[in-house]
Every structure is written in structure tokens, then in C-alpha cells.
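Chains A and B, in that order, give the protein sequences. Residues in the first sequence are numbered consecutively from 277, following our numbering. Residues in the second sequence are numbered consecutively from 16, following our numbering.
Calculated from the structure, these hints are not laboratory results. The reader is advised that the hints may include incorrect statements.
[Said to hold, decoys possible] Listed next, the in silico DMTMM-like pairs over lysine to aspartate or glutamate satisfying Cα-Cα at most 20 Å (straight line):
(1) A/K326 <-> B/E188
(2) A/K452 <-> A/E401
(3) A/K434 <-> B/E188
[Said to hold, decoys possible] Quick list of the computed label-pair ranges, beta carbon to beta carbon:
(4) A/P406 <-> B/S88: 56 to 64 Å
(5) B/S88 <-> A/Q365: 35 to 43 Å
(6) A/G318 <-> B/G171: 44 to 52 Å
(7) A/N317 <-> B/A280: 39 to 47 Å
(8) A/E293 <-> B/W106: 15 to 23 Å
(9) A/P406 <-> B/I293: 24 to 32 Å
(10) B/L109 <-> A/E293: 13 to 21 Å
(11) A/Q458 <-> B/V170: 42 to 50 Å
This one's a predicted model, so the numbers in the text were calculated from it and none came from an experiment. All residues carry an ideal CB built from backbone N, CA and C; glycine is no exception.
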Amino acid sequence: MAEQPVIDIQDLSFNYESRSILENVHLTVQEGEFISIIGPNGGGKTTLLKIILGLLPPARGTVRLFGQAPAQTRHWVGYVPQYLFYDPQFPVTVMDVVLMGRLGKRFGGGYTRIDRRAAATALEELHIQPLANRLFSQLSGGQRQRALIARALAGDPKLLLLDEPTANVDNEGENKLTQILQTLNQRMAILLVSHDLSFVANLVQRVFCVNRHVFLHKPDELSTEAIQDIYHADLRMVRHSHECFDEEHRHD
Amino acid sequence: MIEFFKALMDPDLAFLRYAFGVGLLASVAFGIIGTYVVAKRISNIAGAISHSVLGGIGAGMFCQQVLGWAWCSPLLGAILSALGSALLIGWVSLYARQREDTVISALWSVGMAVGLLFLAKTPGYTDPMSYLFGNILLISQYDLWLVLGLNVLVVGVAVFFYHQFLAVCFDEEFARLKGVPTRFFYLLLLCLTALTVVLLVRVVGIVMVIALLTLPSAVAEHFSRRLWQMIALSIVFCMAFTGLGLAYSYVHNLPSGPTIILLAALVFLVVIGFKRLIKR
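Throw the hints in and build the complete structure from the sequences for me.
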């Protein structure tokens with residue numbers, strides 16, 4: 277169990293109605309790693325995420341989550357979705373939402389004291405315990421996102437998976453999020469899907485760029501040429517990092 | 016109002032007591048299922064299920080009277096057709112999402128068409144109006160027992176699986192990742208909806224039952240912070256609408272179904288209007 281990769285994808289392909297979305301993808305995430313998947317919209321990031329979670333079956337190749345089929349082990353993943361299509365009238369409090377992270381393979385019944393304690397701890401960790409009894413719909417974008425992270429944490433995940441966490445968050449929220457994720461990374465692997473290069477660059481150890489194919493980079497290797505390769509477009513990059521690296525950029 | 020209470024006590028007006036009792040008891044199942052239907056936004060599915068019930072009623076009558084199957088009855092036909100269409104729509108929406116609305120509207124009218132054809136070919140005149148718009152004269156003590164049984168089932172399931180249903184309604188994908196069998200709960204919800212709809216068809220009719228299922232919950236949603244509060248309030252509102260509607264319709268000699276529905280709609284509009292005013 278010890279040296280088993282958290283995620284292991286070999287030679288994966290996925291098609292949607294004869295259109296190729298992902299081709300020959302190889303991706304491994306080890307325990308304790310902090311990794312990001314970036315790429316243009318429509319490049320297959322969300323598809324890759326759903327395949328990792330076993331919500332979509334790959335056309336070809338193998339996907340292993342903690343060494344097993346994703347459907348068997350995905351309850352160890354703390355998933356933080358990008359949007360939540362919910363009814364703004366839906367009567368549910370923050371605590372109700374966070375407790376959902378404790379739903380396991382149980383057969384009916386209520387939550388135990390252990391469940392409630394785990395939910396309270398998760399709320400504390402994200403500094404939103406004063407919001408516990410607020411209506412979920414009354415939260416701001418950043419608060420709502422922290423509630424969703426707390427929900428993911430309440431289930432004691434071994435891997436935290438975040439889809440576009442900076443999409444609805446302002447600058448201050450982004451800074452707080454950075455701190456939170458760095459703390460959490462000390463005890464679990466984190467996989468973060470983003471199109472926001474500046475957010476990712478200072479945070480993660482490795483970057484997978486997805487646009488049908490998957491390329492692996494070190495964050496400091498995200499040179500203009502590499503980005504252009506992925507996005508197939510002219511972009512101008514602003515470097516936020518003040519450190520200099522001289523390793524070459526490579527595609528493997 | 017006193018006139019209505021006198022009528023309730025009148026030994027000659029047993030049907031009114033039964034109608035009143037069925038209305039109040041069914042409100043429990045309606046409040047619970049209605050809340051989930053509104054929260055999950057599947058009222059159009061519930062509408063298709065209720066309209067397909069006419070097909071079952073017609074088929075039940077036809078089999079009983081023309082084919083001479085004594086064990087067959089309109090109620091059995093209604094239950095089977097409601098469960099059948101619930102499972103069919105459920106299956107389509109789980110595995111062929113893009114065809115969902117087509118199937119819903121097809122089932123909606125095909126159910127009606129089948130029912131009317133069967134009724135036309137069954138000897139003796141059966142007025143489809145009493146099924147479409149309800150007829151409290153058709154309610155018997157037997158219905159009271161049926162509704163009571165359904166309440167036990169619905170309350171039991173809703174209490175035991177409260178957190179699962181809440182998670183499935185709020186964020187189905189997350190619930191599924193956590194190991195909740197979301198497809199099972201979705202189909203279970205549709206089947207319970209089907210059973211609930213069948214039992215109130217006699218009070219408010221096929222066409223309007225959907226309003227009584229959704230309007231009390233839509234009103235309750237405005238006053239609730241938790242899903243269980245919405246359920247409890249829905250039950251109270253549903254009881255108030257059926258009870259008061261029935262009383263008003265009796266006193267003023269109006270058809271009961273439309274009176275109940277219009278009362279519910281009126282309260283819904285007032286609540287929405289009031290909320291808008293407060294926001295300004």
C-alpha cells in the first residue's frame with residue numbers, strides 16, 4: 277500500500293461521439309504530491325477529472341485510484357466541484373452541506389456524534405465555524421467554496437480534488453485558499469484543475485497540461501513556448517515568480 | 016363554516032367525511048414527496064406520471080368488465096401504470112438524458128389517449144371527467160385505509176433515508192462519489208411519487224394533482240431553513256388547502272378539486288408577491 281500511486285493512468289483515451297477528447301494520456305500522482313492540471317477550456321480537463329472519479333469510462337487504457345478501479349475507492353477522494361447547480365431557494369445550512377461529506381456506504385439512518393465532530397473540525401480548519409448555521413445560499417462565493425472544501429475534508433480524504441477553485445473567488449480569497457491548500461498538502465495529495473497559471477505556478481510541484489494530449493511540466497518550466505504549444509495560440513505571459521531556473525522545458 | 020362542520024357530522028354525508036379524512040391524511044404523503052419533487056425539480060416528471068394514470072384506470076376497467084378479470088380494478092391499473100411510467104422515465108433520464116423531455120411529453124399524452132380509448136370500449140358510460148378533475152363522491156372508507164398505508168410507507172422511507180435524499184436532491188454527483196446509490200434513490204423517489212399521485216387522483220383529479228403536490232412545498236420553501244422544516248410546513252399547508260378548499264366548495268356548491276387548487280395557487284401568488292415587495 278505504501279508506495280502505491282494515488283492516481284495511475286496508463287495509455288488512456290476518451291472519445292465523445294467519435295470526437296477524440298483525450299489521447300494516450302499517462303499520468304501518475306504519488307502520495308503527498310501537489311499537482312495541477314491546466315489547459316484551455318474544452319481541452320479535456322473536466323473529462324479527465326470525471327474519468328479519474330470513475331464517472332466516465334475510458335475508451336482505452338487503465339485508470340487506477342489507490343490501486344483499484346475508481347468506483348471502488350473514490351470515497352477516499354475529497355471532491356470540490358467548480359459550480360453547484362443548486363436551487364437558490366434550497367433550504368440547507370452550511371452544516372447540512374458539510375455533513376454530506378460523511379455520507380458513506382451506510383444504509384439509511386442519521387449522523388453519529390463522530391460525524392458531527394468531523395464536520396465541526398472541518399469547519400474550524402477552514403475558519404468558517406461561525407457560518408455553520410447560515411443558509412448555504414446566503415454565503416459569498418469564497419465562503420461557499422470554503423464550505424465545499426470543508427465538506428470534502430469531513431470525509432477524511434486521502435486525495436483532495438479541486439475543479440477550478442479560483443473561478444468565483446476574489447484576490448483575497450485566492451490568498452486564503454493558497455494558505456489552506458498548503459496546510460492540507462501536509463497530510464494529503466492534492467490535484468487541482470485550473471486555467472489560472474499564476475495561481476498554480478507558485479503552489480504546485482508538477483503541472484500536467486491537458487489539450488487532448490497530456491504534457492508534464494515543472495511549474496517553472498511553464499515558458500511562453502510551452503504554453504503556446506498547449507494552447508495553440510499566441511499568448512503573452514507575465515512571470516510572477518522571482519526565482520530563476522535554467523532547466524530546459526521538455527515534453528514527455 | 017359551521018354549515019360544513021354540521022355536514023361533516025351528518026350520518027347521511029359519509030362521503031364528505033371520507034373525502035375530508037383522505038385529504039388530510041394524504042397531505043402527509045404529499046408534503047413529504049412534494050418537497051422532494053420541488054427540491055429535485057422533477058415536477059414535470061410527476062405531471063407525466065399522473066397523466067399516465069388514466070391509461071391504467073381505463074385498462075383496469077376494460078379488463079375487469081370486458082375480459083371478466085375479477086381481480087383487476089381501476090385502482091390496480093392506476094398503480095401499475097404510474098409505477099411503470101415512473102420507472103420508464105427514471106430509466107430514460109438516467110441513461111438517455113437527451114431524450115428525457117420527449118419521453119415525458121409522449122408519456123403524458125399517450126397515457127391519456129390509451130385511457131380514453133379503453134374507457135370508450137368499456138360498456139356502460141364512465142365519465143372521464145371524474146378522473147380528470149376529481150370527484151369526492153367516489154371516495155370510500157377503503158380509500159382511507161389505502162392512504163393510511165401509504166403514509167406509513169412514505170413517512171418510514173423519508174425519515175430513514177432523510178440524509179440520503181437530501182444529498183441526492185442537493186448535489187447528486189457528490190452523493191454518488193460518496194457511495195450513495197443515487198440511481199436507486201432517484202427511482203425510489205419516482206415510485207413513491209407515483210403511488211402518492213394515484214391516491215389523491217380521486218380528490219383533485221389527474222390534471223390538478225400535480226399542483227397540489229408542488230404548490231404547498233413551493234410556499235413552504237419560502238419559510239424554511241432546513242429541508243425537514245420544508246417538509247413539515249408543506250404538510251401543514253397541504254392540509255390547510257385541502258381542508259379549507261373542501262369546506263368552501265361544499266358550502267358554495269362548487270367542484271372541490273378546482274377550489275382546492277385555486278386556493279393553493281392564490282396563497283402561492285400572495286407569498287411570492289409579498290417576498291418581492293419585501294426585497295425592494
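Taking 15 to 23 Å as the hint, is the beta-carbon distance of A/E293 and B/W106 inside that range?
holds, 21 Å
Within 39 to 47 Å or not, the Cβ separation of A/N317 and B/A280?
holds, 43 Å
Verify the CB-CB distance for B/L109 and A/E293 against the hinted window 13 to 21 Å.
For B/L109 and A/E293 the Cβ distance comes to about 19 Å; the hint holds.
Go ahead and decide if the range 56 to 64 Å is satisfied by the Cβ distance of A/P406 to B/S88.
holds, 58 Å
Hey, A/K452 versus A/E401, does the alpha-carbon distance stay inside 20 Å?
holds, 12 Å
Starting from the hint 42 to 50 Å, judge whether the C-beta atoms of A/Q458 and B/V170 obey it.
With a Cβ separation near 48 Å, A/Q458 and B/V170 satisfy 42 to 50 Å, so the hint holds.
Given pair status - B/E188, A/K434, alpha carbons within 20 Å:
holds, 19 Å
Hint consistency between A/K326 and B/E188 [alpha-carbon to alpha-carbon, up to 20 Å]:
holds, 10 Å
A/G318 paired with B/G171, Cβ distance criterion 44 to 52 Å
Holds, since A/G318 and B/G171 (Cβ atoms, about 47 Å apart) stay within the stated range.
Honestly, do B/S88 and A/Q365 meet the 35 to 43 Å range at C-beta?
holds, 40 Å
Starting from the range 24 to 32 Å, see whether the pair A/P406 and B/I293 falls in it by beta-carbon distance.
Given a distance of about 26 Å, which is inside 24 to 32 Å, the answer is holds.
When each numbered hint is compared with the structure, no violation occurs for any of them.
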